[in-house]
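Engineer: In order, the protein sequences belong to chains A and B. Those letters in the first sequence? Residues 1 to 220, per our numbering, in order. Those letters in the second sequence? Residues 1 to 479, per our numbering, in order.
Some hints here could point you the wrong way.
With a Cα cut of at most 27 Å, we get these calculated DSSO-like pairs of lysine-lysine [as the list claims (entries may be wrong)]: (1) A:K166 / B:K388; (2) A:K169 / B:K388; (3) B:K255 / A:K171; (4) A:K187 / A:K169.
These stretches of chain B come out as covered by chain A in the derived footprint (C-beta under 8 Å, 3 or more residues) [to be verified]: (5) 58–67; (6) 117–129; (7) 367–375.
No lab work stands behind these hints, which were simulated from the structure alone. No residue lacks a Cβ here, since even glycine has one placed at the ideal position from N, Cα and C.
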Amino acid sequence: MILKKLSLLLAVSVLTAGAQAQAPVPLQLELPKPLFAGTPRPISLPNLEAPRAGKRPDLMVPAGTTNLSKGKAVTSSDSLPVIGELSYITDGDKSGTDGTYVELGPTPQWVQIDLGAKAKVAAIAIWHFHSQARVYHDVVVQVSDDKDFKTGVTTIYNNDDDNSSKLGKGKDQAYIENFEGRLLDAKGAAGRYVRLYSNGNTSDELNHYCEVEVHGALVK
Amino acid sequence: MLANVRRWLPIALVAVTALWLRTHDLDVRPMHADEANQAVKVGALLERGHYEFDPADHHGPTLYYAALPIAWLRGERNLEALSETTVRLVPALSGTVSVLLLYFFAAASGRRAAITAAAFLAIAPASVYYSRYFIQESSLLAFFLATIVCTQRWWRSGNWRWALVAGVGAGLMQATKASAPLFIFAALIALWVVRTNSFQATRPKRDFAVFLGAFFLSAALFYSSFGTHLGGLSDALRTYAPASGRVTEGSGHEKPWFYFLSLFGWQRSGGLLWQQLLFAGFALGGALVALRHSRPFLRGALIYTTVVGIALSVTPYKTPWHVIHLIPGIALLAAGALAAIPFRRVAIVLAAFVIFSQWRQTNLAVFLRPADARNPYAYVHSSPDVRKVRGLAESALANSPRGAIRVISEEYWPLPWYFRGLDRVGYWSLPPDDCDAAMILASAANTDAVRSRLRGRYRESFLGLRPGFICTVFIEESP
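Using the sequences and the accompanying hints, generate a full structural model.
Structural biologist: Written as structure tokens, this is what we have:
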């Protein structure tokens with residue numbers, strides 16, 4: 001009887017020890033400490049993205065598609081930009097040099113282009129700022145027939161992955177600005193107004209636009 | 001009583017304005033890499049009570065020790081508790097003291113001009129900007145002005161106690177930054193050229209010995225970490241080898257000879273206008289007054305500023321914070337020009353124009369665009385983006401069982417400051433074999449290699465370390 005109890009106790013002990021040996025434990029990593037270094041050097045990198053081999057893949061659009069936004073009226077959440085004019089966004093100059101971009105204040109801001117009439121939008125090309133490698137945060141692009149964007153809103157692009165702009169969580173990848181701009185497939189979204197949001201960038205808290213082109217065809 | 005009020009009220013107002021400009025919203029700007037680097041050293045000193053001077057890449061110890069009493073007063077006992085406001089109060093208070101010292105220095109040759117010069121220094125954009133910046137320059141300037149005020153008092157009174165305090169001031173200069181001898185040398189040249197017959201010392205050799213004793217003792221106290229690290233004494237001399245290498249070779253901070261002059265000129269950058277033409281114009285007028293008339297004090301300011309200006313300009317290594325050593329002299333010259341105007345009301349109106357013009361620039365540089373790459377004082381500055389990193393890390397650590405943060409980047413300051421208090425953070429300049437963690441920050445150069453070594457599922461986004469330097473943030477997705 002005693003022998004039986006001792007055997008049972010031994011078996012329980014071995015099983016417990018075995019279970020303990022298999023229980024997950026936090027991974028203990030040896031982490032290096034930061035090194036103290038001198039003042040960082042100024043750098044000037046035109047583009048941090050690895051250069052793509054060849055030209056940008058073509059975006060196929062319906063025949064007869066034109067740039068509908070050229071010269072069209074632009075409004076914004078920041079109606080009095082400190083630098084530049086809202087009209088720069090649709091003036092056709094996308095060079096990105098001083099005097100060709102508009103600078104909107106910090107915090108989330110939007111610009112809105114009135115196409116003048118309802119249109120089927122095939123593609124939207126955006127140049128925020130491309131004289132320095134930077135990424136604009138929480139970029140959301142929408143099309144709507146409602147100038148207040150309360151109803152009938154189609155979201156073309158959204159990289160706000162934590163929904164900090166309260167427009168819904170986006171799945172699109174953020175990107176580094178370059179001279180080619182960002183070309184978005186609007187897939188024929190219909191509406192008279194195009195609104196673009198952003199929330200600062202990796203260099204500062206401000207929002208910039210050199211140019212926005214809305215390509216499509218007016219709905220007859 | 002009324003006479004006392006009339007005598008002290010103007011400089012009191014100037015001092016209060018200087019203090020407000022230097023302490024208001026001290027945390028409005030993200031930490032620069034150099035500030036973060038030095039603040040982490042203060043944290044180590046707070047926690048361990050021990051400091052050792054590093055002659056390779058750091059300046060003198062006074063900055064770190066000066067932050068201690070402020071941290072204690074604010075109840076901050078370790079690195080995690082240490083705040084940006086606390087460490088920046090050191091240069092802010094130094095900058096305010098400099099304004100008062102300039103007044104006391106200049107008052108001997110005219111109280112109105114002294115108040116004007118103090119007001120110009122109080123409002124100057126670079127002076128305000130770098131008095132809110134946790135680096136050595138503001139303290140170095142304050143110790144320098146204290147030294148020359150005491151030397152001036154000794155010269156005129158012959159009292160050895162002024163020589164003693166001047167020696168302490170010079171010793172603290174040396175214990176602040178290895179470049180201290182340049183400013184003492186320039187001041188000696190100016191003194192030698194414009195020396196007056198007001199010299200009253202009866203035992204100058206004894207007084208000089210007192211000065212030297214105080215100088216060596218005060219410098220040695222700090223470099224030896226108050227006697228706990230005697231190796232710091234030899235390191236204080238050894239620091240000149242790497243420092244002279246940096247200064248003469250430029251080490252990535254080379255700029256044209258007219259760089260410092262250009263900061264007082266007119267420049268437009270990305271739609272923002274930077275100019276100090278009125279201030280610089282009156283300073284030029286003051287230089288003419290100094291050269292044409294017998295004004296030894298103004299002439300001394302001109303000689304000192306010229307010598308320092310030439311020395312800084314011919315040195316390939318240039319960083320914008322050095323410009324604050326030119327501003328007291330330029331302020332004295334500009335005030336001297338206004339004092340030379342025979343019509344007092346005209347001079348007051350012109351001084352108001354200068355102050356208004358300078359205030360607009362200070363407001364733009366310090367409060368509106370403090371970390372903007374177009375701001376000539378925001379040198380290689382951290383992006384406001386870095387402030388997001390703490391929240392991202394805490395959120396990632398809460399959601400991930402791996403419980404570590406990896407920074408894999410050839411440059412990563414000021415991130416260690418923003419990660420202070422988190423003990424599971426590691427730094428690599430190249431990707432290790434195992435890159436997985438709760439959150440990984442990889443520089444653009446390391447991003448592809450890091451991505452290829454990750455085994456878990458990650459969400460990617462971007463974070464700017466500073467303009468032109470972007471990191472990819474990998475955050476492990478919940479299983």
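Engineer: Determine for every hint whether it applies to the structure shown.
Structural biologist: Going through the hints against the structure:
no., hint, result
1, A:K166 / B:K388, "holds (18 Å)"
2, A:K169 / B:K388, "holds (18 Å)"
3, B:K255 / A:K171, "violated (44 Å)"
4, A:K187 / A:K169, "holds (20 Å)"
5, 58–67, "violated (count 1)"
6, 117–129, "violated (count 0)"
7, 367–375, "holds (count 3)"
Hint violations for this structure: numbers 3, 5 and 6, all remaining hints satisfied.
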